[in-house]
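S.K.: Residue strings, one per chain:
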Amino acid sequence: MLPTRTKLDQQLTADERLLDVKDVKTHFFTDEGVVKAVDGVSLSLKRGQTLCVVGESGCGKSVAARSILRIVPPPGRIVSGAIQFRQRDGHVIDLTAMNPRGRDIRRIRGGEISMIFQEPMSSLSPVHTVGSQIMEAILLHLPVTKREARKRAVSLLDMVGIPRPGELIDAYSFELSGGMRQRAMIAIALACEPQLLIADEPTTALDVTTQANILDLIRDLQRESGMAVLFITHDLGVVAEIADDVVVMYLGRDVESGTVDAIFHDPKHPYTRALLQSIPRYDSRDSRSAAHDKRRLYSIKGTVPHPFDRPTGCPFHPRCEDFIAGTCDSIDPQRFSASRDHSVRCLLYAETDEDGRAKDSSS
Amino acid sequence: MNDRAESTGSSADSGPLLEIRNLHMQFPIKRGLFRRTVGYVRAVNDVSFDILPGETLSLVGESGCGKTTTGRCIVCVHKPTSGQILFQVETEERVDLAQLDNRELRPYRREIRMIFQDPFSSLNPRLSIMQIVGEPLKANRVASGSELEDRVATLLRRVGLRPEYMRRYPHAFSGGERQRIGIARALALTPRLIVADEAVSALDVSVQAQILNLMQDLQEELNLTYLFIAHDLSVVEHISHRVAVMYVGKIVELTSTERLFANPMHPYTEALLSAVPKPDPRLRNKGVRIRLEGEVADPGNPPSGCYFHPRCPYAQERCRHEEPDMREIESDHWVACHFAEELELRGFERIGSTAGH
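Here the protein sequences come in this chain order: L and E. Position one of the first sequence corresponds to residue 1 (our numbering), numbered consecutively onward. Position one of the second sequence corresponds to residue 1 (our numbering), numbered consecutively onward.
Any given hint could turn out to be false.
Distance windows between CB atoms, simulated [as the list claims (entries may be wrong)]:
| id | chain 1 | residue 1 | chain 2 | residue 2 | range |
| --- | --- | --- | --- | --- | --- |
| 1 | E | R35 | L | E167 | 23 to 31 Å |
| 2 | L | E32 | E | R162 | 20 to 28 Å |
| 3 | E | S48 | L | R147 | 51 to 59 Å |
| 4 | L | F308 | E | G294 | 44 to 52 Å |
| 5 | L | R296 | E | R162 | 16 to 24 Å |
| 6 | L | E167 | E | R157 | 58 to 66 Å |
| 7 | L | D309 | E | T37 | 54 to 62 Å |
Stretch by stretch, here's where chain E covers chain L in the computed footprint (C-beta under 8 Å, at least three residues) [stated by the list, open to error]:
| id | segment |
| --- | --- |
| 8 | 63-71 |
| 9 | 172-182 |
| 10 | 209-220 |
| 11 | 267-281 |
| 12 | 297-306 |
Hints are computed from structural coordinates only; laboratory data are not their basis. Computed from a predicted model, the values in this text were never measured in an experiment. All C-beta atoms, glycine included, are put in the ideal place defined by N, C-alpha and C.
Required output: the full structure, derived from the provided sequences and hints.
M.R.: What follows is the structure, encoded as C-alpha cells:
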C-alpha cells in the first residue's frame with residue numbers, strides 16, 4: 001500500500017463539505033455572441049461521497065467540471081458564483097478567486113483535485129512512457145526523489161490493476177488496450193492522493209465488461225482512500241450503480257438534485273422523468289404488452305435549443321409535457337425543495353414550496 | 001414471444017434473406033522493411049448465420065470481436081477471405097455476393113445499405129443534405145432534376161426532417177438529426193437489408209430513443225430487415241428479434257432475444273449480461289457481477305482450444321485443447337461451448353432481481 005498522508009484529513013469530520021459550488025456561471029464570449037454554457041449551477045460534495053452529474057451532450061456538465069479546476073478554455077470565463085473547496089489543511093478557499101495560471105491553483109490541480117477524461121488515448125502523451133507521466137505528477141507535488149517516485153509509480157500501477165507493473169511502467173500509451181489506458185490515467189490522477197477526483201465520462205469509450213471493472217476499481221479506491229468523486233456521465237445505468245447523490249443538468253442549469261434513490265424512484269422534474277423513461281429497460285415478459293414489436297420508447301419532443309437561442313423562463317418549457325402557458329415561459333424557476341436534500345427547479349412545485357417555506361418565486 | 005415466433009415462422013416459407021456460410025476474413029500483419037506478411041489477424045473466423053426477412057438480428061460483443069468486419073463483409077466493403085454470403089434475389093434464387101466483382105455487385109449494392117455510427121464524420125461537410133441524400137439516386141441513375149428533389153423531400157419527411165432543410169449543410173444539424181439524414185441516405189434506394197453499425201451508440205439517451213423508434217417504424221412500414229451491430233445490450237434487447245454474440249471473430253451464441261437474456265447458455269454471454277449497469281439504484285450490489293479477468297484475446301494470436309477459456313470461470317481441462325463446435329442445444333438456440341448443457345447460467349432477469357426479493 002502507498003504511504004498515506006491523511007493524518008490531517010482525519011481531523012475533519014466526514015460530514016464536512018469538501019466542495020461547495022454556488023450558482024456558478026461560465027459563459028463563452030464568442031464573436032457571434034455569448035454562449036451561456038453553465039448558467040447557474042450549484043452542487044456540493046462531502047468527503048468520501050460520489051456525486052453524479054447527468055445530462056445530455058451540450059448541457060454544460062463538462063464545462064461545470066472544468067470550471068472547478070479552472071481549466072475552462074478561452075473565450076470561456078467564470079462570470080459569477082463561488083466554488084468553495086476545503087483544502088487538506090482545513091482552509092476553505094474560493095477557487096473562482098484564483099488566477100487560473102497562478103501557483104496556488106496549480107498546487108490544487110493534481111495535488112488536491114485531479115481529473116480523468118473520456119478519451120484515454122488523447123489525454124495521455126504518446127511520446128512519454130506511462131511511468132514518466134505518473135512520476136511527473138508525483139515529482140511536481142511531493143518532496144520525493146526520482147527513485148522514490150518511480151517506486152511509487154509502480155505501486156500505483158499495481159493498485160489500479162495493471163498486470164506486470166514493473167514492466168509496463170516503461171510502456172507507451174499506444175501499447176496498452178483501452179481499459180488499461182484508462183487504468184493508467186486513473187493511476188496518474190491518484191498519484192498524489194487527491195481529495196477529489198473529477199471523472200468526466202471515464203467509461204463512455206469502453207466496453208461494458210471493461211466499464212464494470214473500471215467502476216469497481218474507482219469504488220474500491222474510493223473506499224480505501226476516502227476521496228470524493230464527482231462523476232460526469234450521460235449513462236443513467238452507471239449513475240444507478242455508483243452514485244450517492246445525483247445532479248441532473250439541462251442547458252447549463254441544475255434542474256434537479258437529490259439522493260440517487262430519490263432521483264430514480266421519486267423524480268420530480270419533468271426532464272428527469274422523461275430521461276428515465278427514454279432508456280430501454282429490461283422489463284419482465286409478463287408486464288410487457290403482447291405486441292412486442294409495437295414497443296416504443298418514450299422520447300422527449302423537440303431538440304435541445306441552440307445555445308444562442310435560449311428559451312425565456314424555464315429553459316425546458318418548449319419541450320415540457322407539463323408546460324403551463326403564461327407561467328413557465330415567463331418565470332425563471334428557483335430551486336424548490338421537494339424534501340430534505342432533494343431540490344427541483346420547476347414551477348410545478350412552486351406552490352408546495354410556498355406552503356412550506358413561503359418562498360416567493362415570481363420575483 | 002408468440003407473435004415473434006409466428007413472424008419468423010411465416011417468413012421461413014420464403015427462406016432467409018441472407019445466409020452467411022463459414023465466413024472468414026483475415027487481415028495480413030506486415031512487418032519489417034519489405035512489409036513481409038508475418039501472420040494473419042482472423043477478424044472473422046468461421047461465422048455462419050441467417051437473417052430472415054423482416055427481422056432484426058443483432059451482433060453484439062466487445063470491441064475487436066469482429067462484429068463490424070462481419071457487417072462490412074455483408075455490405076461488400078471487404079472481400080471475405082473465404083465463405084459465402086448468399087443473398088436472396090427471388091424466392092428460390094440465391095447469389096453469392098462473396099464471388100462477385102465490383103461491376104457484378106452493383107445491382108446488389110442498392111439492396112444492402114449501411115448506417116454508420118458517427119453522424120459527425122459520416123456526412124460530407126461540403127455537400128448539402130440534398131446532395132448527400134440524393135447521391136445514391138443520382139449515381140444509380142434512378143432520378144434526376146426535379147424528380148430527384150421530390151424523392152429527397154419524401155425521404156426527409158419519412159425520417160422526420162423538414163424538406164425545407166435540404167439546402168442546408170450537415171453542420172447546421174444536431175447529432176440526432178444527422179443520424180436521420182444518414183438513415184434517409186440509406187433508404188434512398190429502397191433497400192431490403194440495412195446494416196446499422198452502432199447506429200445509436202454516439203447519441204444521447206433521449207435522441208437514441210427517437211432514432212430507435214424511427215427505425216422500428218420504418219421496419220414496419222417498409223418491411224426492412226436490419227443487421228444491428230451494437231455493444232449496448234439494453235438497446236439490443238429492445239430492438240432485436242434474435243441476437244448473435246461474438247467473441248474473437250466467432251459467434252459463441254445465437255438465439256432469440258428472449259432466450260438469450262433469460263437463459264443464456266454460453267459463459268461469455270452470462271458475463272456480458274452481468275456487466276450491464278441496471279438503471280435502478282435499489283438493485284445495486286445485489287445479484288452477481290461476474291468480473292471478467294484479463295483482456296480480450298488477440299485475434300492475431302488466439303489461445304488454444306476455446307478462445308474464451310483463459311477468462312472463463314467455468315473452464316476445464318477440455319476447454320484448453322478442444323475447440324467447441326457450434327451446436328443446436330435447443331431448437332434455434334446455438335451455442336459453442338462444451339458444457340452448455342451442464343452449466344446453470346444466470347440470465348439478465350435473475351441477475352437483476354435475485355436481489356429484489
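S.K.: Work down the list of hints and note, for each, if the structure agrees.
M.R.: Verification of the hints:
Take E:R35 and L:E167: their Cβ atoms lie about 29 Å apart, and the range 23 to 31 Å holds. The hint said 20 to 28 Å for the Cβ distance between L:E32 and E:R162, and at roughly 24 Å that hint holds. As the Cβ distance of E:S48 to L:R147 is approximately 57 Å, the hint placing it in 51 to 59 Å holds. Remark: the range hint 44 to 52 Å for L:F308 to E:G294 is upheld by a beta-carbon distance near 49 Å.
The beta-carbon spacing between L:R296 and E:R162, approximately 22 Å, falls within the hinted interval of 16 to 24 Å. Hint check: L:E167 to E:R157, Cβ distance near 59 Å, so the stated range 58 to 66 Å holds. Taken as a hint, the range 54 to 62 Å holds for the pair L:D309 and E:T37, whose Cβ atoms sit roughly 56 Å apart. With 0 residues having a beta carbon nearer than 8 Å to a beta carbon of chain E, the segment 63-71 of chain L misses the requirement of three or more and the stated coverage is violated.
Counting residues of the segment 172-182 of chain L whose CB falls under 8 Å from any CB of chain E gives 4; the rule of at least 3 is met. Only residues whose C-beta sits within less than 8 Å of a C-beta in chain E count toward coverage, and the segment 209-220 of chain L has 7 of them, enough to reach three; the restraint holds. Against chain E, the segment 267-281 of chain L contributes 7 residues with a C-beta closer than 8 Å to a partner C-beta. That satisfies the three-residue criterion, and the hint holds. Taking a C-beta to C-beta cut-off of 8 Å, the segment 297-306 of chain L contributes 6 residues in contact with chain E, enough for the three needed, and the coverage statement holds.
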